[in-house]
Amino acid sequence: MYQKNPEIGKGVDWIMIWLYFILVAIGLLCIFSVEYRNGDGVLQSFLGFKKNYSKQMFYFMACIVLAIFILLTDSKLFTATANLSYLAGILLVLATFVVGREIKGSKSWIPLGFMNLQPVEMCKIFTSLALAKYLSMPETNFSKPKSQLVAAVIAFTPAALSILQGETGLALVYFSFLIPMYREGLPPGYLIFGAAMALLLVASLLLSTKTLLIAFTILGVIILFANRKQIRRNNRLLIIVISSWAFCILFVGIVVPFTFKHVFKKYQADRIFSMVGVDNPFTDKNAIDITNSADEKAKQKKNDQQNYNVKQSKIAIGSGGLLGKGFLKGTQTQGDFVPEQHTDFIFTSVGENFGFLGSTFLMLVYLSLILRIVFIAERQRSTFSRVYAYCVASIFFFHVAVNISVTIGLAPVIGITLPLMSYGGSSLLTFTVLLFILIKLDSDRQMVLR
Amino acid sequence: MSVFNQSRKNVVRLIFAIMFIVIIARLFTLQVISSKYKIMADDQGKFRKVIYPDRGIIYDRKNKAILQNMTIYDLMLAPNKLKGIDTAALCKILDIDEAQFSKRVVDLIIKNGRTRPAVFEPLLSDAKMAMLNEVMYKFSPAFYLQERSVRSYPYDAAANVLGYTAEIDTSFLKKHKDEGYVSGDYAGYTGLERSYEKVLMGERGIEYWKRDNKNRLTEKLENGKYDTAAIAGQNMHTSLDIELQELGEKLMQNKLGAIVAVDPKTGGILAMVSAPTYKPKFLSGSERRKHFSELFLNPALPLLNRTVSATYSPGSTFKTLQALVGLHEGVINTKFKVTCTGAFYGCGYSHPQKCLDRGTFDLRNAITVSDNTYFATVMQKVIDNPKYPNIDSSLSAWDRYMYAFGLGHKLGIDIPSEKRGLIPTPAYFNNPKIYGPGRWNYCNFRSVSIGQGEVSVTPLQVANEMAYLANKGWYVTPHVVDSIEGGDKYGVLDIYKKQHSTIDIPDSIFEAVHDGMEGVVDRGTGQRAKIPGIVFCGKTGTVENYIGLEKQKNHSFFAAFAPRENAKIAIMCVVENSGQGAWFAAPIVSLMIEKYLKDSITDKSRLELIEKMANTNLIPDRIYAAIRQQDSVRRSKDTSYLVSKKDVNTIKDSIGLEQDEETDILDKIKKDKDTTTSKKELPKKDSNNTVPAPEALLPGENKKPEPKDTVKK
Chain A
0 MYQKNPEIGK
10 GVDWIMIWLY
20 FILVAIGLLC
30 IFSVEYRNGD
40 GVLQSFLGFK
50 KNYSKQMFYF
60 MACIVLAIFI
70 LLTDSKLFTA
80 TANLSYLAGI
90 LLVLATFVVG
100 REIKGSKSWI
110 PLGFMNLQPV
120 EMCKIFTSLA
130 LAKYLSMPET
140 NFSKPKSQLV
150 AAVIAFTPAA
160 LSILQGETGL
170 ALVYFSFLIP
180 MYREGLPPGY
190 LIFGAAMALL
200 LVASLLLSTK
210 TLLIAFTILG
220 VIILFANRKQ
230 IRRNNRLLII
240 VISSWAFCIL
250 FVGIVVPFTF
260 KHVFKKYQAD
270 RIFSMVGVDN
280 PFTDKNAIDI
290 TNSADEKAKQ
300 KKNDQQNYNV
310 KQSKIAIGSG
320 GLLGKGFLKG
330 TQTQGDFVPE
340 QHTDFIFTSV
350 GENFGFLGST
360 FLMLVYLSLI
370 LRIVFIAERQ
380 RSTFSRVYAY
390 CVASIFFFHV
400 AVNISVTIGL
410 APVIGITLPL
420 MSYGGSSLLT
430 FTVLLFILIK
440 LDSDRQMVLR
Chain B
0 MSVFNQSRKN
10 VVRLIFAIMF
20 IVIIARLFTL
30 QVISSKYKIM
40 ADDQGKFRKV
50 IYPDRGIIYD
60 RKNKAILQNM
70 TIYDLMLAPN
80 KLKGIDTAAL
90 CKILDIDEAQ
100 FSKRVVDLII
110 KNGRTRPAVF
120 EPLLSDAKMA
130 MLNEVMYKFS
140 PAFYLQERSV
150 RSYPYDAAAN
160 VLGYTAEIDT
170 SFLKKHKDEG
180 YVSGDYAGYT
190 GLERSYEKVL
200 MGERGIEYWK
210 RDNKNRLTEK
220 LENGKYDTAA
230 IAGQNMHTSL
240 DIELQELGEK
250 LMQNKLGAIV
260 AVDPKTGGIL
270 AMVSAPTYKP
280 KFLSGSERRK
290 HFSELFLNPA
300 LPLLNRTVSA
310 TYSPGSTFKT
320 LQALVGLHEG
330 VINTKFKVTC
340 TGAFYGCGYS
350 HPQKCLDRGT
360 FDLRNAITVS
370 DNTYFATVMQ
380 KVIDNPKYPN
390 IDSSLSAWDR
400 YMYAFGLGHK
410 LGIDIPSEKR
420 GLIPTPAYFN
430 NPKIYGPGRW
440 NYCNFRSVSI
450 GQGEVSVTPL
460 QVANEMAYLA
470 NKGWYVTPHV
480 VDSIEGGDKY
490 GVLDIYKKQH
500 STIDIPDSIF
510 EAVHDGMEGV
520 VDRGTGQRAK
530 IPGIVFCGKT
540 GTVENYIGLE
550 KQKNHSFFAA
560 FAPRENAKIA
570 IMCVVENSGQ
580 GAWFAAPIVS
590 LMIEKYLKDS
600 ITDKSRLELI
610 EKMANTNLIP
620 DRIYAAIRQQ
630 DSVRRSKDTS
640 YLVSKKDVNT
650 IKDSIGLEQD
660 EETDILDKIK
670 KDKDTTTSKK
680 ELPKKDSNNT
690 VPAPEALLPG
700 ENKKPEPKDT
710 VKK
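Residue numbers (numbering that gives the first Met the number 0), protein chains in the order written: chain A, 0 to 449; chain B, 0 to 712.
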């Protein structure tokens, strides 16, 4: 229904707004604690636009303005322009190939003067909208492969482009769209298969090939023995078990070693192994010779650097203890030991300054935000809003889970930001817009079925 | 399509929740369970900086600073900023070549890494500092100057008394484990610096700093909440008279020997000269490296503090004490006379021994002319006194006197490496390796009566003996330090507060001895010491000495206290190998007394005497021979084997870090039994080989085993 005089506060989910402000405030404090040195004038440098925390504050103000603007628009605008904005987003990403500026090794940034914009980052919004739009169309039947394929193309095109730009981390984020798809009826087989493969991969990294072969064989025999009566009646199960056993053997014994020796570059293999805390068993001298080019060496160096980052990040967080060292008292974050600690590793300052209790509190704030979004999703009457909400929840979840996992050594170094906390206008802007579009959609949830 | 599958929302929620639980669990192990990261963080993020306080300042009796602190600069280098520095110019100033320069840089990088600044050239000399200061801007920021405090000596005198500080070694660290030293620290090695290390060093402060990823110190941890402030070392006031000390050093230049002057009333050391000496600044700051080995290898042993670490036969100065013993034991009285007609019989000699001073002498005159026969007779009477059942007990009685006079044991002065000297005991002679029980009598050691033979003393003991005579029966343990500013926290000065008077000898006996000693100066052997307008008592000594079996030129001794009544100074001087006591030691002592009592010497003839004494070179030829020998060996091979092993041991003994415990006198007597035995062995061995010159520089240790009775005066 058309509203003549839209009221900003009407129907707005205040809990979300509060969580948003809390997280941004914690983020600002963390950036401040990383950069502030005894004797700096606080007010002066906050207004100076020289220090990162000052810049982040101005970005935040800009984001508020934008958020108000979003709340003032008609929520129908988003459904109407979903496809168009998606197209524009893709074009922007493509534009970076031409006018992009290289920052930190990836040419995915567009300079705007006062800040640098990363279209792939922004594209998450448009993809969410477009996916919501597609899935909410009456003719979409998600049990049919055709619809699944279209949805996959919508979700993964920006990811593919971002891989081409060298931003693998951001590309991975697009896998979070599997969650809304699952919610909307994607057969669970995809997720189970994916999870099983991931498990198999991790197992094949952690354990030796021989152990795995024996383990799989024993497992197979046990399953067959347990189900021997069913198998006598119907040999379909036998075929499934034997073929999956054969697949596992093939995967562990041939595919994984082959991939690590010949498909991955040495630094990639090393990084994957270092993530699970094992030395690369597939290293051989030939492989080193092959990868001896200058480019490879540079990447190897980058790899070492990342191991250093994780080690320092673990030291900083680990030294926080139960209660932390206190605000501005962290020796590690103040000593610049953790590289990138105002962006991707911002969590280290929470871990060091506020300890386990502070970190847990932050985790709970994020979890409440995400679960609140799921709650909001489920109260929507329109599929568009629900899918969009799930997209937002999944993106937040993926970012938080992966970012924190990286800092505490649970995942390999993937350069993605901690939503709303990491320094950077692009990231803050993206998450603000993502959230406020959702808040706007939610505030209009009573209006109409879209 | 409407709500597809309501149960799936719970699956999604479950996935979210599980992931967060995993993360929180991981955080729990990382932050709460594991302590590894806390240790790693402290290792790299905190720095414990030790703040060194200034060492205490030492003043002389007139409150002039004689040892204080001076700021000197280290040249520091941060290797990562080295680009674009004019290394050639810097090399020229530092006087090194480019190869050395790059080697030092590489060494520093290996040791400290690229970013951490380290000492490139420590303790810049004044000359280099002056050159550098003007052009320093060219070399910054890679190079910069960092100040540090070193010891400085405003008077450049009293090196052997003050001592020096040096970097501590591992054995020192082991011995002083819990006293807060770390390797690289400096500590007092000799002299007062060592004796009063605890007082002078002060208390170190500790600052906790935050350190950044480049190993730079950024700011204090929590604004210095955990820091402790450094407390400067305590200043000390000594009894030294620095001008007197300077005069003494001037008089003793180009000589081997020692002067010790004591205030008899307080036991405070007024001057303590060991010759040859060195400029104390040679072993401080930038010059140390250059000079130490040079001084260490010098055959004249400038690092040896002869005042306390060298022992000599006391010679005729010993006679005054024999007079005291004889009178107090009652074997003679002041009227007792001995006549020598030119020959002296006794002790089973088949032919008469010459006696040098013909005539008849009473006690006073015997002292005045230093008559050997008289004191040989006196001691014989003491030893053969029928009061005592046997020679063991009579010699023990004699020993008790000697200990009471401060001989035969360490006095306990606050200067390290004091020697005890030797006073023969019955146990000493009863040793089968010497004579064996019952196989000796007075005739075997009668030369002891005139201060030769089996008796040795340090110059300090002789000066203290003069103080004892001046005080008529007591002395205060000689000491350099009178008071410590801010209180004597460790009670180190307590032993210097009480008078030692173990045997009560009546004043009349002292008066008689004083009469004789006054005569020495007035009309006797020590007339050259006469000072117009001052009546004082003295005693010459002419000490025979041997290296191996080879007789050396006599040591010249003179000991005195002045003025006779209410003495203000007790002093002794020994000039090695200079001849009779009257020739050099007496004038030197008289000049010292005059300087101290009159505060300045103005008389022209006396000033000339100072110059004459100062310009006389009495260093024996063997020293020059040894230096020549060293030089020639050095030319063929450079090694420190040049100095014979024994010399090195002696020096080590004198500059060694630990001093054996001071025990009381009775213990000492027992100990003497063992130590003197080994001492006796030593000369015997030495006499068998022909010793190279530098071997024999320690008088007292190389005495002739069986001295004959051919002592003059």
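Please note: incorrect hints may appear among the correct ones.
Unchecked claim - Chain A is faced by these chain B residues, among others (derived, beta-carbon under 7 Å):
no.	residue
1	F15
2	I17
3	K37
4	L93
5	D96
6	R210
7	N212
8	I609
9	M612
10	N614
As the list claims (entries may be wrong) - Here are the simulated EDC-like pairs of lysine to aspartate or glutamate, each with C-alpha atoms no more than 20 Å apart in a straight line:
no.	chain 1	residue 1	chain 2	residue 2
11	A	K50	B	E242
12	B	K213	A	D12
13	B	K37	A	E138
14	B	K213	B	E245
15	B	K219	A	D303
16	B	K48	B	E221
17	B	K264	B	D42
18	A	K328	B	D226
19	B	K213	A	E101
20	A	K310	B	E206
21	A	K328	B	E510
22	A	K328	B	E206
23	A	K328	B	E221
24	A	K310	B	D211
To be clear, the hints were calculated from the coordinates, so they are not data collected in a lab. Even for Gly, the Cβ is constructed at its ideal location relative to N, Cα and C.
Would you pick out the hints that fail for this structure and give their numbers low to high? 2, 4, 5, 8, 9, 10, 11, 12, 13, 14, 15, 17, 19, 20 and 21
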